[in-house]
Amino acid sequence: MILLISTLLRVVANIASRPDIGLRTDLTDILQLGATLLDIGDGAQTELQALVDQIQTLVNEDRTFTDIERSALRAESNRLSNRLQELARERSGDDAAS
Amino acid sequence: MMRLLLLLCVTLLVTACGSLNPVSIAQTPEQKADALYATYVLFQRKAVQIAEQPATPDSVVIALAKADAAAKPVVDAMYDAALHVSMIRAEIAAGITEDEQLLIAINGLERWVDEAIPLVNELIRAAGAIDDDAEPATVAVTQPDWSYAL
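Taken in order, these protein sequences are the chains called A and B. Residues in the first sequence are numbered from 1 upward in steps of one, following our numbering. Residues in the second sequence are numbered from 1001 upward in steps of one, following our numbering.
Next up, chain B with everything else stripped away, as it sits in the complex (with noise of 0.2 Å):
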């Protein structure tokens, strides 16, 4: 009956954030890369909320930080990259870079985002895998369409 109540627990969590998808949203690449940024923290704020309830299995909280380890880097890096793309796009207004510049670094941006999504879905996973026998969670990040306009 426990595992049943904590699956309804989580359960009621996912669902409740599945619908909401600020990566969907965005329109720039840099724009995606800000709102999956942002989701990241907002979930790894969640796994610390979680992991520091006395009662969350060991096995969890060692999950959670496995997931957030394999996360971090790529995120970081996607990070940079958004940092990249921002900085060509002032230096290409103050007429220093050329566009193909630009482009290469939004290819460069748009890989890191591909990457990192999984990753922080994975870390979305961790923190609703409360019950070791519970099905995956909804994930709240979907990967992004990239035919947007240049």
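Here chain A stands alone, though its shape is the one from the complex (with noise of 0.2 Å):
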């Protein structure tokens, strides 16, 4: 269902951003990122349901996550971290949010 809210997002924005309907720039990237912020969602949802999987496994048989797989999510989320203070710096023109 998200998917197709999204799709049907994309077409409005597209068709709105025509220059013969004249829908103001600003209201076509809302109705963008509301499609993405929905296709993000979906996203987020098959990957949280991967997640729970993963743990489920890991239940059942007894065991943590190993080395390698705990240094590889430490190394991604030190590098997502580093990103998201950069956007923020960008966006604010100042170092307010690091």
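What the hints contain is simulated information worked out from the structure, not anything from laboratory work. Glycine is no exception: its CB is placed at the ideal position from the N, C-alpha and C atoms. Take the hints with a grain of salt, since some may be wrong.
The calculated EDC-like cross-link candidates involving lysine to aspartate or glutamate, where the alpha carbons are at most 20 Å apart (straight line), are [unchecked claim]:
{"no.": "1", "chain 1": "B", "residue 1": "K1066", "chain 2": "B", "residue 2": "E1052"}
{"no.": "2", "chain 1": "B", "residue 1": "K1066", "chain 2": "B", "residue 2": "E1115"}
{"no.": "3", "chain 1": "B", "residue 1": "K1066", "chain 2": "B", "residue 2": "E1122"}
{"no.": "4", "chain 1": "B", "residue 1": "K1066", "chain 2": "A", "residue 2": "E90"}
{"no.": "5", "chain 1": "B", "residue 1": "K1066", "chain 2": "A", "residue 2": "E86"}
{"no.": "6", "chain 1": "B", "residue 1": "K1066", "chain 2": "A", "residue 2": "E76"}
{"no.": "7", "chain 1": "B", "residue 1": "K1066", "chain 2": "B", "residue 2": "D1076"}
Under 10 Å between C-beta atoms, here's a sample of chain B residues computed to sit facing chain A [to be verified]:
{"no.": "8", "residue": "A1026"}
{"no.": "9", "residue": "Q1027"}
{"no.": "10", "residue": "E1030"}
{"no.": "11", "residue": "Q1044"}
{"no.": "12", "residue": "S1086"}
Using the hints, put the two chains back together into the complex; each one sits in its own frame.
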């Protein structure tokens, strides 16, 4: 259902962006953002379900993540955290978010 | 109408994720820490995806970064505590550490998990706060029940 709504939003945004329709650019941007958010949400749901399955496997096998899996998560977290701070600095024009 | 549309999008997004809780499935403190850390990284990924959209308001990008900056040191400390517990378990198996050390390490890990959960939820909320008037998002992670058998 999320995918359907996301597709509909994109179709509406594409139609609305036509010069003869004349909808304001910021409104079409919002429609696109809405569609993107739904796609991100859909992806999050899929990844969260995969994580639930992964944790269930750990429980069934009475183990934890391996050292390699933990190291990979830590490295990805560091990279994402740096990226978020970088994006916030770009938006705020200063170092307020860091 | 646009605010309503965005609220609808966020509500659908959060509702879709709200019923899935990896931490509640985990049984041991280390598994709960692994589940929480992986959930945190998952939502960091989503936060970056949202923040990279040009149409995402500046205030949301900054709120996401601040929520992550608040959560990161605590979640990393929880990660280190989980490594410490795993190391002590290995030492006990090798017969070079007492069980008492394990209990101390587990208590420390439980405290870090309890402290990290609201901060991870804050990051999830920030990702759902695209509309300033939106209701706080339903959280994906709930406080664990520590009544497991050691």
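When the least beta-carbon distance from Q1044 (chain B) to chain A is tested against 10 Å, hint result: With Cβ-Cβ at 4 Å, under 10 Å, it holds.
Identify whether the interface hint at E1030 (chain B) stands, where standing means a beta carbon of chain A within less than 10 Å of its own. holds (4 Å)
Can the restraint linking K1066 (chain B) and D1076 (chain B) be considered satisfied, given a maximum Cα separation of 20 Å? This hinted pair holds, its Cα atoms lying about 16 Å apart.
Against chain A, is A1026 (chain B) within 10 Å by beta-carbon distance? Result: holds, 5 Å to nearest chain A Cβ.
Mind checking the alpha carbons of K1066 (chain B) and E86 (chain A) for me, to see if they're no more than 20 Å apart? Given pair K1066 (chain B), E86 (chain A) holds - Cα atoms ~12 Å apart, limit 20 Å.
Agreement of K1066 (chain B) and E1115 (chain B) with the hint, judged by alpha carbon distance not exceeding 20 Å: This hinted pair holds, its Cα atoms lying about 17 Å apart.
Run the distance test for K1066 (chain B) versus E1052 (chain B): straight-line Cα separation, threshold 20 Å. Holds: K1066 (chain B) and E1052 (chain B) sit about 15 Å apart, inside 20 Å.
Measure nothing beyond the straight line between the CA atoms of K1066 (chain B) and E76 (chain A); if it is 20 Å or shorter, mark the hint as holding. Distance of about 18 Å is within 20 Å: holds.
Can you confirm whether the C-alpha distance between K1066 (chain B) and E90 (chain A) stays at or below 20 Å? The given pair, whose Cα atoms are some 14 Å apart, holds under the 20 Å limit.
Holds or violated: is the Cβ of S1086 (chain B) closer than 10 Å to a Cβ in chain A? Given a least distance of 6 Å, the restraint on S1086 (chain B) holds.
Checking one constraint from the list: CA of K1066 (chain B) to CA of E1122 (chain B), max 20 Å. Satisfied? holds (10 Å)
Given Q1027 (chain B) was flagged as interface, is its beta-carbon under 10 Å from a beta-carbon of chain A? Where the cut-off is 10 Å and the nearest Cβ of chain A is about 5 Å from Q1027 (chain B), the hint holds.
In summary, this structure violates none of the numbered hints.
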